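Enquirer: Chain by chain, the residues run as shown.
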Amino acid sequence: MNTYQATRLVAAREIKVKLRDKSFLYGTLIFLLIAVASTVLPALLQGGPSTVAVTAAQAGPLRTAGLDVLVVADDAEAERAVRAGDADAAVVAGPTVIGDDRAPDDVVRALSTAPTVRLLDPDAVDPVTAYLVPFAFAFVFFVMSQTFGIQVAQSVTEEKQTRIVEILVAAVPVRALLAGKILAAGALALGQVALIALAALAGMRLAGSGDLLALVAPALGWFVPFFLLGFLLLAAMWAAAGALVNRQEDIAGASTPVQLAVMAPFFAVVFLNDNATAMRILSYLPISSPTAMPVRLFTGDAAGWEPFVALALLLLTAAGFLAAGARVYEGSLLRTNGRTSVRAAWRQRERIG
Amino acid sequence: MTSVLHLDGVDRSFGGRQVLSDVSFDVTAGRLTGFVGGNGAGKTTTMRIILGVLAPDAGQVTWQGRQLTRDARRRFGYMPEERGLYPKMTTREQVVHLGRLHGLGPAAARRRTDELLERIGLGERGDDLLETLSLGNQQRAQIAAALVHDPEVLILDEPFSGLDPLAVDTVVAVLRERAAAGAPVLFSSHQLDVVERLCDDLVIIAGGTIRAAGPRDELRAAYTSPRFELVVDGDAGWLRDQAGVNLVDLDGRRAVFDLAPAVDDQSVLRAALARGPVRVFHPVTPSLAEIFREVNQ
Chain A
1 MNTYQATRLV AAREIKVKLR DKSFLYGTLI FLLIAVASTV LPALLQGGPS TVAVTAAQAG
61 PLRTAGLDVL VVADDAEAER AVRAGDADAA VVAGPTVIGD DRAPDDVVRA LSTAPTVRLL
121 DPDAVDPVTA YLVPFAFAFV FFVMSQTFGI QVAQSVTEEK QTRIVEILVA AVPVRALLAG
181 KILAAGALAL GQVALIALAA LAGMRLAGSG DLLALVAPAL GWFVPFFLLG FLLLAAMWAA
241 AGALVNRQED IAGASTPVQL AVMAPFFAVV FLNDNATAMR ILSYLPISSP TAMPVRLFTG
301 DAAGWEPFVA LALLLLTAAG FLAAGARVYE GSLLRTNGRT SVRAAWRQRE RIG
Chain B
1 MTSVLHLDGV DRSFGGRQVL SDVSFDVTAG RLTGFVGGNG AGKTTTMRII LGVLAPDAGQ
61 VTWQGRQLTR DARRRFGYMP EERGLYPKMT TREQVVHLGR LHGLGPAAAR RRTDELLERI
121 GLGERGDDLL ETLSLGNQQR AQIAAALVHD PEVLILDEPF SGLDPLAVDT VVAVLRERAA
181 AGAPVLFSSH QLDVVERLCD DLVIIAGGTI RAAGPRDELR AAYTSPRFEL VVDGDAGWLR
241 DQAGVNLVDL DGRRAVFDLA PAVDDQSVLR AALARGPVRV FHPVTPSLAE IFREVNQ
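Chains A and B are the protein sequences, given in the same order.
Going by UniProt numbering, the first sequence opens with residue 1, and the numbers climb by one from there.
Going by UniProt numbering, the second sequence opens with residue 1, and the numbers climb by one from there.
These aren't lab readings, by the way, just hints derived from the structure by calculation.
Mixed in with the good hints there might be a few duds.
[To be verified] Partial chain A-side listing against chain B, Cβ under 7 Å, derived:
id	residue
1	13
2	15
3	162
4	164
5	167
6	172
7	197
8	301
Please read these numbers as outputs of a predicted model, since none were measured by experiment.
Beta carbons: idealized from backbone N, C-alpha and C, even for Gly.
Could you put together the complete structure from these sequences and hints?
Expert: Pasting the structure below:
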């Protein structure tokens, strides 16, 4: 059996155990519900067109505007209908629009004439979308690299804590253990993201706002490679942090630098996303490029060659971190007395195998 | 003979502290070799080096005359001193998993696991999560994990600790089977009575050096000073003045004594008979515990 086969066996076990973990399953379910709800609910809450009480004589233009018309005998009855809640609004002589507690915009629009507007420099992207999409990208990467990163660390520590690691190390190369864990976490994270994305898309279709997809798609294509490499980089750090400690309770302490590396880019992108210079720098820094570069691509700020450079930088850094993480992992995996320092783990060079 | 696991001049230190120095011994195929030593004597470190979990600073380990590789070690069975399996997996699943990591195919791993769990009395609990099993049953699961791939060599660190006498018998029977099938079996224990009952060969380690190694009976003979026990009807105090007798213990009618070299035990017996009836007169063989104490001095 070679390293590749061992890696596959290790990854398969990790995935199998995770897929049976109730908290993971419920978590995924809740994410899916949130994804569907956040795309469908706004459309549902908007409700249908207003019901407007009006005399037959004035009903014509309101019907044309697609409003729900309740024909009444006279103006007094129209007002009563609004008071009674049978209608959202009424149109009486004048014409005067009667509303309950706020002006019924769609009725007002139906009765007014809007001037033609011509913009000289229209925004490529609707400003709300321009804010929400980067935030969504950053959030997805943040949540995934945090939850699945912790999972890698916990799984490493579990093997150390239960000492099964000694049997494993005697049977398979240490690197196969590490690779299997990171692979499994990456596959699960990507699978969960894909599911959530599908749910969100289905929700958009239901709500009839499918046009956003066409808009997001190009940035989405870049998001996947950046996500994978960024995840790899962080997972290597998480694995090393998990290997330094012997008990699950100690992971939090040992992983502080990793958590910082996860959180800092998230907040940087959220708060600086309208600062072009900051975003340019963030989109090249390997730690923040997985969130910042797709955002710049989305808003159309990045030139065609830029994501390639950022991706290459990220790839090199991830490879470096993976090598360093593997070395710390190897150096601390069998040290079971107390917490190992990174320095001691780095120096420990067992010629295992 | 080629089917020998051979350690040759193994040294190892941790942070400047020498833990093993010049450790050499053989574990022969088909025999149970007991590995005894006090706490911190170096048993676990030695076993970890055999399994390649630790690297030696100097010296080497060979199996069938060849330097050990990872592929060779994958066919070893190992039970570490500190037990552990995945608490959230069932026994069956993890034994299958470990079998596969040791190179078994999926079907073979499942078949072997079923056989083994049945054999060691875990058949009915095989589908329970490991963490729900009693400690003794977890221990049995651990043994299944070490044996699932029909290992060529078995290295077991304290395999009997935590087992009730029935489970000890089961495990002993399984180990004997493996030995009979031609595997060298090395196991450490500080339950010296178990080792004494069980092992064919013995390796005694203290302070990181091998103090004695060889077939149990040879070692026992080598460490037997000519010691005798005598029980007579009268008082045995006269032995004090008998030439060539070195009293070890005297308690009224009963005495234990060593004989100086070249002194005939029969002359002592005749002297005793001349004083009255002799109820007991026999050579005393030392227990393993006594040999252990002696080599540790």
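Enquirer: Now, for every hint given, state plainly whether the structure supports it.
Expert: Consistency of the hints with the structure:
no.: 1; hint: 13; in the structure: holds (6 Å)
no.: 2; hint: 15; in the structure: violated (12 Å)
no.: 3; hint: 162; in the structure: holds (3 Å)
no.: 4; hint: 164; in the structure: holds (4 Å)
no.: 5; hint: 167; in the structure: holds (6 Å)
no.: 6; hint: 172; in the structure: holds (5 Å)
no.: 7; hint: 197; in the structure: violated (29 Å)
no.: 8; hint: 301; in the structure: violated (47 Å)
When each numbered hint is compared with the structure, violations occur for hints 2, 7, 8.
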